[in-house]
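2 protein chains.
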Amino acid sequence: MIGLAQIGCYVPERKVSNLDLMEKFDTDEAFIRDKIGVIHRTRKEEEQKASDLCLKAFENLESKQNIAIEDIECCVVVTQNPDFNIPHTSAIVHGVLGLPESCASFDISLGCSGYVYALSIVTAFMQANGMNKALLFTADPYSDIIDEEDKNTALIFGDAATVTLLDGDAKLKPLGFDFGSKGIGYKNLINQDNKLYMNGRAVFNFTASTVPISIRNLLKKLDLNKEQIDKWYFHQGSKYIVDTITARAGLDKEKVVFDMYEYGNTASSSIPLLLSKDILYLQKGQKIALSGFGVGLSWASTILEQF
Amino acid sequence: MIGLAQIGCYVPERKVSNLDLMEKFDTDEAFIRDKIGVIHRTRKEEEQKASDLCLKAFENLESKQNIAIEDIECCVVVTQNPDFNIPHTSAIVHGVLGLPESCASFDISLGCSGYVYALSIVTAFMQANGMNKALLFTADPYSDIIDEEDKNTALIFGDAATVTLLDGDAKLKPLGFDFGSKGIGYKNLINQDNKLYMNGRAVFNFTASTVPISIRNLLKKLDLNKEQIDKWYFHQGSKYIVDTITARAGLDKEKVVFDMYEYGNTASSSIPLLLSKDILYLQKGQKIALSGFGVGLSWASTILEQF
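Protein chains in written order, with my numbering: chain X, 1 to 307; chain E, 1 to 307.
Check before you lean on any hint, since a few could be wrong.
[What the hints assert, rightly or not] Straight line, CA to CA, 20 Å or less: simulated EDC-like cross-link-like pairs of lysine to aspartate or glutamate:
{"id": "1", "chain 1": "E", "residue 1": "Lys182", "chain 2": "X", "residue 2": "Glu101"}
{"id": "2", "chain 1": "E", "residue 1": "Lys220", "chain 2": "X", "residue 2": "Glu73"}
{"id": "3", "chain 1": "E", "residue 1": "Lys182", "chain 2": "X", "residue 2": "Glu73"}
{"id": "4", "chain 1": "E", "residue 1": "Lys221", "chain 2": "X", "residue 2": "Asp71"}
{"id": "5", "chain 1": "E", "residue 1": "Lys182", "chain 2": "X", "residue 2": "Asp52"}
{"id": "6", "chain 1": "E", "residue 1": "Lys221", "chain 2": "X", "residue 2": "Glu101"}
{"id": "7", "chain 1": "E", "residue 1": "Lys220", "chain 2": "X", "residue 2": "Asp252"}
{"id": "8", "chain 1": "E", "residue 1": "Lys49", "chain 2": "X", "residue 2": "Asp193"}
{"id": "9", "chain 1": "E", "residue 1": "Lys182", "chain 2": "X", "residue 2": "Glu70"}
{"id": "10", "chain 1": "X", "residue 1": "Lys182", "chain 2": "E", "residue 2": "Glu73"}
{"id": "11", "chain 1": "E", "residue 1": "Lys239", "chain 2": "E", "residue 2": "Asp34"}
{"id": "12", "chain 1": "X", "residue 1": "Lys182", "chain 2": "E", "residue 2": "Glu101"}
{"id": "13", "chain 1": "X", "residue 1": "Lys187", "chain 2": "E", "residue 2": "Glu101"}
{"id": "14", "chain 1": "X", "residue 1": "Lys182", "chain 2": "E", "residue 2": "Asp52"}
{"id": "15", "chain 1": "E", "residue 1": "Lys284", "chain 2": "E", "residue 2": "Asp169"}
{"id": "16", "chain 1": "X", "residue 1": "Lys226", "chain 2": "X", "residue 2": "Asp252"}
{"id": "17", "chain 1": "X", "residue 1": "Lys221", "chain 2": "E", "residue 2": "Glu73"}
{"id": "18", "chain 1": "E", "residue 1": "Lys187", "chain 2": "X", "residue 2": "Glu101"}
{"id": "19", "chain 1": "E", "residue 1": "Lys182", "chain 2": "X", "residue 2": "Asp71"}
{"id": "20", "chain 1": "X", "residue 1": "Lys35", "chain 2": "X", "residue 2": "Glu254"}
{"id": "21", "chain 1": "X", "residue 1": "Lys187", "chain 2": "E", "residue 2": "Asp52"}
{"id": "22", "chain 1": "X", "residue 1": "Lys220", "chain 2": "X", "residue 2": "Asp193"}
{"id": "23", "chain 1": "E", "residue 1": "Lys221", "chain 2": "X", "residue 2": "Glu73"}
{"id": "24", "chain 1": "X", "residue 1": "Lys187", "chain 2": "E", "residue 2": "Glu47"}
{"id": "25", "chain 1": "E", "residue 1": "Lys187", "chain 2": "X", "residue 2": "Glu47"}
{"id": "26", "chain 1": "E", "residue 1": "Lys195", "chain 2": "X", "residue 2": "Asp193"}
Please keep in mind that the hints were generated in silico from the structure rather than gathered at the bench.
With the rest of the complex left out, here is chain X (with noise of 0.2 Å):
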């Protein structure tokens, strides 16, 4: 069964303060460190594209460990701001990193929840393809759909990516996976015209509602209790809506990572990035869960463990 080897990172150094904006939309410190959770938002240069975002990632993991362009299999890209509509932006990766022509290339549109679903859909794709490595790459630069006037959306979002080399000698392996949809939702967060809408309020009422429950039935369907369960990655969509899974899921708060302060939001790299600090650290049996959700609206958990 193949696992999470190792993660990339690329944060720009680039960042705006919300501090610096908190006349402009009539609020407080309090409510920018303590709701929002955002501090800082990273921001790309303009001419950056979600591509260019995957290959500084990628320079990081090669940073880390020594990659083998001619062993990689796979490369995915999670996205839904791609360089082009065509073609997919794994294509252009694909090309400059000098990838094989062997090596399969697709994206993914997902949102939030990109990160758990690509480690199930991109492990099941290798598995049934005797495949042993692949690259996983999440981008997705909200700074070019943001409108800077909105004040839903204008202090959340920043700008990252990620890429997890998935290998088949890896030892912190998926356990099982839950998903889900509420499609009939899709208009809380939805880009029109290049301009991201946010319905905050819908948007923080299905995650609140949903999430603690993917949480119980993934668990159940693993036979595990949340006691098990060693520390847990939500997509840090804000403050509050992760303090808020924790009291409703009633999980033991110091188990719960909270990370997104000199960052912001980064949709489908929000898990990776926090992920990315611990991977190489957890001890034999430890056991962590990620879940993701947002755009669509969208849900995905999972359980990973290290074997």
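Following the hints, position chain E against chain X.
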């Protein structure tokens, strides 16, 4: 193992005749008929989006086979002309069809290789997650991005959508796949500023050199020879490309399906459109080959057997 149970299709009634454009593009009927292979191109209504085409294809599926909405566990749309970039089109389809909340939904961004790729991606995902029934849609309305003055693309593409019911009980099952990417050539087929650009010569050369090798590799991997294949379903890029693959791969012309005269090149829908006519008439033990190629540049081939 998961198989293909039934295919629903939507082909818009509205058509544009290439024969009316011979003077404009300084060409003749022999070229239109024998090289392009497209007499009429199907054309959706302007306001129809990818999800609308998917829903029409689903209506057709329902007219062929009773579908229990509550049994659908996965809903996937293959498209590079989505309704919006955010959310994925599968979320919209999920909402309109009233699929269950537990139904996984995601989009795959791939072009003309997308259907074959998706057969592997989705069946592997279902298998890994213990799912039994899924809807796999293809919908790539190119008419939104075609420059009617560009001879390289204006005579080729048509609009269509399909939906394949994937089912654990179905008897038509993939035996194996071959995938590949030449990302370095991605600029030869690209949507920039909402206009499709195609370097027809480069895409042709790519296909003519790549697809026969993909077929050979796949046959070898499955320990089959080409005489054991009962029918060949190639992406209907043009008559010239299908004829060229047939010749270069040394295939029996009688076994190679060609039928795009009244549709045009419908991208990821071309293969399921062909297959929809034959799927219920395959005999036990028959084997058919599918191969898609194009945007990326990318290709995917599979062999299906009727069990």
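Item to complete: For the pair supplied as a hint, Lys220 of chain X and Asp193 of chain X, confirm whether the alpha-carbon distance does not exceed 20 Å.
Response: violated, 42 Å
Discussion item. Hinted pair, alpha-carbon criterion (20 Å max): Lys182 of chain E, Glu101 of chain X. Please report holds or violated.
Written reply: Holds, at roughly 6 Å.
Discussion item. Holds or violated: Lys182 of chain X and Glu101 of chain E, Cα atoms, limit 20 Å.
Written reply: Roughly 6 Å between the alpha carbons, so the hint for Lys182 of chain X and Glu101 of chain E holds.
Discussion item. Lys182 of chain X and Asp52 of chain E were given as a pair; does the straight-line alpha-carbon distance stay at or below 20 Å?
Written reply: Holds - the C-alpha atoms of Asp52 of chain E and Lys182 of chain X are around 18 Å apart, at most 20 Å.
Discussion item. Against the 20 Å threshold, does the CA-CA distance of Lys182 of chain E and Asp71 of chain X hold or violate the hint?
Written reply: holds, 16 Å
Item to complete: Quickly compare the C-alpha distance for Lys220 of chain E and Asp252 of chain X to 20 Å and report which way the hint goes.
Response: Distance of about 54 Å is beyond 20 Å: violated.
Fill in: Hinted pair Lys221 of chain E and Glu73 of chain X, Cα distance within 20 Å
Measuring from Cα to Cα gives roughly 16 Å; hence the hint holds.
Worksheet entry | Lys182 of chain X paired with Glu73 of chain E [C-alpha distance capped at 20 Å] | holds, 13 Å
Item to complete: Would you mind confirming whether the straight-line C-alpha gap from Lys187 of chain E to Glu47 of chain X stays at or under 20 Å?
Response: holds, 18 Å
Practice prompt. Take a quick look at whether Lys239 of chain E and Asp34 of chain E sit within 20 Å of each other, Cα to Cα.
Written response: Within the cut-off at roughly 6 Å; holds.
Practice prompt. Would you mind confirming whether the straight-line C-alpha gap from Lys182 of chain E to Asp52 of chain X stays at or under 20 Å?
Written response: Between Lys182 of chain E and Asp52 of chain X the Cα gap is close to 18 Å, so the pair holds against 20 Å.
Practice prompt. Measure nothing beyond the straight line between the CA atoms of Lys49 of chain E and Asp193 of chain X; if it is 20 Å or shorter, mark the hint as holding.
Written response: holds, 15 Å
Hint compliance for this structure: hints 7 and 22 are broken, all remaining hints hold.
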